[in-house]
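**Student:** Each chain is listed here by its residues.
There are 2 protein chains.
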Amino acid sequence: MGYAHRVDGERKIHLKDFDPHGHADVGREEAEEKTARLCEEMTELQEMLYAASQHSVLIVLQGRDTSGKDGTIRKVTGPLNAQGCGVSSFKVPTSEELAHDFLWRVHAKAPARGQIRIFNRSHYEDVLVVRVHQLVPEKAWRARYDHINRFEELLTDSGAIILKFYLHISRKEQEQRLLEREQDPTKSWKLSTSDWQEREYWGAYTEAYEDAISRCSTSHAPWHIVPADRKWFRNLAVAETIVEALRPCKKGWLAHLEEIGRREKAAIAELRRNHASAPPHP
Amino acid sequence: MGYAHRVDGERKIHLKDFDPHGHADVGREEAEEKTARLCEEMTELQEMLYAASQHSVLIVLQGRDTSGKDGTIRKVTGPLNAQGCGVSSFKVPTSEELAHDFLWRVHAKAPARGQIRIFNRSHYEDVLVVRVHQLVPEKAWRARYDHINRFEELLTDSGAIILKFYLHISRKEQEQRLLEREQDPTKSWKLSTSDWQEREYWGAYTEAYEDAISRCSTSHAPWHIVPADRKWFRNLAVAETIVEALRPCKKGWLAHLEEIGRREKAAIAELRRNHASAPPHP
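Residue numbers (our numbering), protein chains in the order written: chain Y, 7 to 288; chain G, 7 to 288.
Rather than coming from a laboratory, the hints here were simulated on the basis of the structure.
Given that identical chains are not distinguished, each listed pair holds provided it fits within a single copy or across any two copies.
Calculated cross-link-like contacts (lysine-lysine; reagent style PhoX-like; alpha-carbon spacing at most 25 angstroms):
1) K145 to K257
2) K256 to K145
3) K115 to K97
4) K97 to K81
5) K237 to K97
6) K256 to K271
Start from the sequences, fold in the hints, and give me the full structure.
**Tutor:** Right, dumping it as structure tokens:
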């Protein structure tokens with residue numbers, strides 16, 4: 007049993023059944039050591055993913071304000087090689103984006119094979135904030151769960167590995183973090199009256215998240231509920247989930263790279279046999 | 007019964023059941039007059055589509071070499087206002103495009119609300135040339151029919167009107183046109199040995215087209231088979247199909263535009279009542 011909770015198949019989940027604190031069988035120091043080791047392994051796996059270019063990786067980060075999306079990107083995926091890794095943030099849509107279907111701007115940012123792409127918020131906002139604030143009619147957002155599942159299947163059919171994380175934070179911890187932001191001059195730029203206003207909709211967001219996670223946890227693109235009240239636990243849970251999803255691909259990537267290597271060596275041997283200006287023997 | 011044949015719902019069609027010549031109850035002169043009138047109406051409809059911005063229009067043009075895709079764009083949709091109309095040609099994919107799912111480059115070119123977009127070739131190439139020349143495994147192209155239907159449903163759910171045309175040309179007429187290209191110095195730049203080579207695959211393409219048309223004729227995005235051996239008949243058929251698809255929207259667009267007008271007038275009246283520097287009375 008991992009540190010994050012993988013939601014398998016479409017079934018109704020209730021967030022109250024998941025402890026935002028995480029379980030007790032790991033301490034902070036041990037967790038930070040484990041995370042560091044996992045991040046190293048992640049970097050090695052990324053190198054092979056990049057070289058083999060058979061898969062892409064899409065990491066979706068969702069969660070309420072202060073749940074730690076930015077912190078996760080910094081701490082967990084920060085060490086990755088930027089040449090093969092990018093972050094896309096989805097904010098309030100522009101008028102051009104609104105003139106298209108809701109997946110248009112998201113599809114444009116889908117990772118190419120060999121690449122890791124992190125979505126800081128995502129197409130799920132279109133069944134979260136859009137639903138809570140009734141920005142489109144109910145009929146429209148209800149149809150989106152199916153559209154999302156089909157879209158994600160299109161990506162996985164093309165070699166994408168999709169990992170979706172809900173950073174699960176308690177109401178109390180959120181209050182704490184908002185108050186801290188007010189105290190800390192280096193964090194107060196992040197302050198926003200809307201964060202306090204959105205807290206009024208806590209229950210509506212809970213429902214919206216429960217539906218999104220329940221309806222869009224498919225075998226090809228499961229959701230992971232991450233206890234996020236303690237940052238070091240959250241980091242460990244996310245790092246572990248990513249590494250465990252990529253590790254099984256390693257063997258295939260290595261075989262593919264060896265095959266490429268064999269072909270190149272044969273081509274060089276051919277050059278040596280047939281050309282005056284051949285590469286020198288090693 | 008229109009000049010083009012609309013394929014309704016998923017059912018198996020056979021191209022040999024459709025006459026590439028078209029029916030006989032219209033002569034060239036009459037057809038050209040009708041087409042001219044239809045193109046005028048199309049331009050008026052476009053203006054309302056643009057102003058109301060509730061729908062977008064996606065016109066997909068497919069057909070074998072020399073079937074008249076370029077000619078249709080020039081003659082039928084040429085008169086449209088370029089501010090609200092664009093053409094996207096899909097040629098051999100780039101390596102960046104190939105590193106994504108097959109709909110990635112296509113989705114990026116989907117029309118915004120208010121716009122008409124013409125696809126000169128399209129995502130259907132991924133179940134046509136790709137199938138005929140086995141550029142991906144059968145399992146991969148077989149899965150694409152469903153992906154295409156879902157993708158097109160995503161677009162129509164967001165207000166797209168999708169019109170797909172297969173320009174149906176006979177083998178004999180194609181030979182004629184290829185020979186003409188060789189004779190005509192102003193057309194010989196279009197010549198390509200691959201056109202003659204592709205003719206060898208006539209039967210395989212027929213099968214691939216029949217499957218694409220049969221499997222992807224949905225109620226939201228039907229295919230239209232256009233007799234294309236005579237260019238003037240082809241133009242009439244395409245023009246008629248476009249206009250008849252847009253005409254039913256006209257009432258709704260006008261109502262929407264009137265509503266916008268009413269609101270604006272009320273706002274101006276408000277200005278007149280309350281402000282010293284108010285606009286003069288008309």
